[in-house]
Amino acid sequence: MPQQFLAQGEQLQVPAIDFAAVLPILIVFGAASIGVLLEAFLPKHQRWSSQIALSLTGIVGAGIALAAYISDAPEGGITTFMAQGATTGAIAVDTPALFLWGTLLALGLASLLMIGDRSLEPGGAFISQAGLQSGGLQTREQANVTGMQTEIFPLTLFALGGMMTFVAANDLLTMFIALEVLSLPLYLMAGLARRRRLLSQEAAVKYFLLGAFASAFFLYGVALLYGYAGSVKLAEIAAATAGSSASDTLLYAGIGLVVVGLLFKGSVGPFHTWTPDVYQGAPTPVTGFMAACTKVAAFGGMLRVLTVAFEPASWEWEVPLWLIAVISMAIGAIFGLTQRDLKRMIAYSSIAHAGFLVVGAMTLTEDGLSSTLFYLLAYGFTTIAVFGVISLVRDANGEATDLSSWAGLAKRSPLVAGVFTFLLLALAGIPLTSGFIGKFAVFSAALADGNAALVVIALVASAVAAFFYLRVVVLMYFSEPAAEGPAVTVPGAFTTAAITLGTAATLVLGIVPAFALNWASAGGFVP
Amino acid sequence: MTPTYYLLLSALLFAIGAVGVLVRRNAIVVFMCIELMLNSVNLSLVTFARINGELDGQVMAFFVMVVAAAEVVVGLAIIMAIFRARRSASVDDTNLLKY
Chain A
12 MPQQFLAQGE
22 QLQVPAIDFA
32 AVLPILIVFG
42 AASIGVLLEA
52 FLPKHQRWSS
62 QIALSLTGIV
72 GAGIALAAYI
82 SDAPEGGITT
92 FMAQGATTGA
102 IAVDTPALFL
112 WGTLLALGLA
122 SLLMIGDRSL
132 EPGGAFISQA
142 GLQSGGLQTR
152 EQANVTGMQT
162 EIFPLTLFAL
172 GGMMTFVAAN
182 DLLTMFIALE
192 VLSLPLYLMA
202 GLARRRRLLS
212 QEAAVKYFLL
222 GAFASAFFLY
232 GVALLYGYAG
242 SVKLAEIAAA
252 TAGSSASDTL
262 LYAGIGLVVV
272 GLLFKGSVGP
282 FHTWTPDVYQ
292 GAPTPVTGFM
302 AACTKVAAFG
312 GMLRVLTVAF
322 EPASWEWEVP
332 LWLIAVISMA
342 IGAIFGLTQR
352 DLKRMIAYSS
362 IAHAGFLVVG
372 AMTLTEDGLS
382 STLFYLLAYG
392 FTTIAVFGVI
402 SLVRDANGEA
412 TDLSSWAGLA
422 KRSPLVAGVF
432 TFLLLALAGI
442 PLTSGFIGKF
452 AVFSAALADG
462 NAALVVIALV
472 ASAVAAFFYL
482 RVVVLMYFSE
492 PAAEGPAVTV
502 PGAFTTAAIT
512 LGTAATLVLG
522 IVPAFALNWA
532 SAGGFVP
Chain B
27 MTPTYYLLLS
37 ALLFAIGAVG
47 VLVRRNAIVV
57 FMCIELMLNS
67 VNLSLVTFAR
77 INGELDGQVM
87 AFFVMVVAAA
97 EVVVGLAIIM
107 AIFRARRSAS
117 VDDTNLLKY
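Protein chains in written order, with our numbering: chain A, 12 to 538; chain B, 27 to 125.
These aren't lab readings, by the way, just hints derived from the structure by calculation.
All values reported here derive from a predicted model rather than from experimental measurement.
There's no promise every hint is true.
[Stated by the list, open to error] One side of the interface only, derived from the structure: several residues of chain B facing chain A at Cβ under 7 angstroms: (1) Val45; (2) Gly46; (3) Val47; (4) Val49; (5) Ile60; (6) Leu71; (7) Met91.
[As the list claims (entries may be wrong)] Taking beta-carbon pairs under 7 angstroms as the criterion, some of the chain B residues facing chain A (in silico): (8) Leu34; (9) Leu35; (10) Leu38; (11) Leu39; (12) Met63; (13) Leu64; (14) Asn78; (15) Val100; (16) Leu102.
C-beta atoms are modelled at their ideal positions from N, C-alpha and C, and glycine is treated no differently.
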């Protein structure tokens with residue numbers, strides 16, 4: 012074994028870091044760390060306002076830093092965190108990464124507004140002390156007392172920072188660490204609902220156990236690829252695929268395990284089993300955050316891994332991924348039909364959308380990349396607004412998510428029913444919404460790549476899925492409202508802003524999508 | 027002794043962990059099986075580092091240990107919370123969310 016320890020007197024070389032390029036990530040993580048300190052040192056009544064101010068400043072500041080960097084970003088992208096003598100760094104800052112950072116920051120801002128809202132429920136959607144025993148007297152009391160667990164804000168920022176690192180990770184180890192940094196806060200956030208504590212805790216346990224199980228698979232895949240290529244860098248894995256003396260078993264098993272871990276995070280069927288339960292049990296603002304941002308991060312990471320590292324081995328994974336896309340679309344469209352709970356229905360819709368995204372992600376052309384990026388942007392905004400609207404319809408026990416209680420909603424609140432109809436049409440992919448442009452771009456890219464059969468199956472799945480969206484629309488407009496049905500709460504400024512942002516983006520991206528499509532296709536991954 | 031044996035041992039431990047996750051009913055035991063899977067990966071990483079004649083894999087094993095420690099903190103907190111509510115850590119009892 013060669014002697015690689017440092018000789019006496021030799022200095023450890025610090026990797027070269029381009030701070031301007033990674034400033035958005037650093038700002039988000041910095042704000043999260045300050046948020047933890049605020050929790051420790053501020054008195055309870057000051058925490059909510061200072062945490063909100065800090066988190067919003069952090070995300071907006073990161074957005075400004077991102078815009079400043081984009082204005083004179085080097086052509087073709089760079090990699091940074093580069094060790095001495097290495098050819099590529101651990102973080103790649105290229106057009107897809109910048110696009111996904113912008114998407115994540117915008118979606119994170121909308122989610123944060125919903126998480127911070129205290130107008131719908133006195134004190135916000137989160138429990139005041141997570142340690143309280145559920146079902147006890149204290150838990151029932153806390154449901155009506157103001158105040159919430161303000162740790163939710165630093166947790167959100169840590170998760171967001173992890174997602175931003177994940178989509179830019181240029182080696183598999185960085186990717187694994189970022190995966191955990193984004194997942195661990197989400198497991199906790201799922202369990203913090205103010206009402207229906209048992210459901211929320213159950214969602215957290217299921218998400219945690221299955222998420223950790225999937226990370227273990229991802230990690231074993233990383234180890235096998237390291238054994239195959241002698242490096243975890245994406246570019247070197249691609250180079251080793253072209254000619255390595257190591258056993259191909261390591262390569263195939265490694266690719267399989269890594270991709271399974273990513274598919275799990277993206278809630279692609281058949282690795283979707285956690286999705287409906289967690290979406291239903293988690294507090295609605297957190298569900299919105301998970302549904303939009305986690306999906307962007309998971310597919311951003313998948314695009315990079317498939318394109319940069321596994322492209323030379325594409326003949327090996329194309330057929331399995333083809334099958335997985337079909338299974339995911341079928342599961343989402345068929346099981347979505349049978350749901351009685353609105354949050355579960357949207358969860359199955361997200362599984363169907365994950366199938367469409369796989370169609371885009373496995374199309375390794377320039378159009379495939381840019382259309383998938385656009386789809387993520389469009390889908391994220393629509394989903395956040397959907398969960399924002401779901402959080403408005405409430406009865407005495409909190410949110411009324413059962414489908415029957417939404418009957419006749421248009422008579423009570425035409426505006427909310429109108430916005431929700433528009434958002435459901437966007438999820439179904441009707442023209443003049445961003446959902447249509449996204450689907451059109453992804454399917455035409457797949458068609459151009461010669462995947463006609465898959466596109467036909469995807470169109471059939473879209474048609475089936477459209478049925479269960481339209482069922483809700485019909486229910487809202489053509490049914491008589493129940494006598495003691497839920498009321499539509501008038502939202503405060505925060506939730507209004509989040510829903511408006513999501514709906515406006517859905518409309519704008521549906522009518523004038525060119526600017527976003529142009530940005531998405533401005534460049535590919537750095538090699 | 028050839029390093030291949032260590033790889034086989036690691037694959038065996040990983041398989042034992044994965045089967046344990048699927049068949050065991052107690053959330054704590056399931057969680058321990060996940061830790062077993064992570065540690066079997068550490069064994070592969072170190073073995074591959076030895077085969078490749080470099081230290082990268084051993085450094086990666088350190089990262090994995092740190093991640094596993096963080097995961098224990100989060101996981102035990104969540105399992106504790108649900109145990110206090112139900113007086114049971116069985117994953118079969120957590121069945122309110124379905125269909």
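Here's how the hints hold up against the structure:
1. Proximity of Val45/B to chain A is violated relative to the hint, the smallest CB-CB distance being about 12 angstroms (cut-off 7 angstroms).
2. The beta carbon of Gly46/B comes no nearer than 10 angstroms to any beta carbon in chain A, farther than 7 angstroms, and the hint placing it at the interface is violated.
3. A least Cβ separation of about 5 angstroms between Val47/B and chain A falls short of the 7 angstroms threshold, and the interface hint therefore holds.
4. The interface hint given for Val49/B is violated, since its Cβ lies 13 angstroms from the closest Cβ of chain A, which is over the 7 angstroms cut-off.
5. Given the 7 angstroms rule on beta carbons, the hint for Ile60/B holds: about 5 angstroms separates it from the nearest Cβ of chain A.
6. Using the Cβ-Cβ criterion of 7 angstroms, the hint placing Leu71/B at the interface with chain A is satisfied: the shortest such distance is roughly 5 angstroms.
7. Taken as an interface hint, Met91/B does not check out: its beta carbon lies about 12 angstroms from the nearest beta carbon of chain A, beyond 7 angstroms.
8. Contact between Leu34/B and chain A, as hinted, is not supported at the beta carbon level, the nearest pair being about 12 angstroms apart and thus beyond 7 angstroms.
9. Contact between Leu35/B and chain A, as hinted, is not supported at the beta carbon level, the nearest pair being about 13 angstroms apart and thus beyond 7 angstroms.
10. A cut of 7 angstroms between beta carbons decides the hint on Leu38/B: the least distance to chain A is about 12 angstroms, and the hint is violated.
11. Given the 7 angstroms rule on beta carbons, the hint for Leu39/B is violated: about 11 angstroms separates it from the nearest Cβ of chain A.
12. Of the supplied interface hints, the one on Met63/B holds, with its beta-carbon coming within about 4 angstroms of a beta-carbon of chain A, less than 7 angstroms.
13. Because the beta carbon of Leu64/B sits about 6 angstroms from the nearest beta carbon in chain A, less than 7 angstroms, this interface hint is met.
14. Hint on Asn78/B holds. Least Cβ distance to chain A is approximately 5 angstroms, under the 7 angstroms limit.
15. Of the supplied interface hints, the one on Val100/B holds, with its beta-carbon coming within about 5 angstroms of a beta-carbon of chain A, less than 7 angstroms.
16. The interface hint given for Leu102/B is broken, as the beta carbon of that residue sits about 10 angstroms from the closest beta carbon of chain A, more than 7 angstroms.
Of the numbered hints given earlier, the model fails hints 1, 2, 4, 7, 8, 9, 10, 11 and 16; all others are met.
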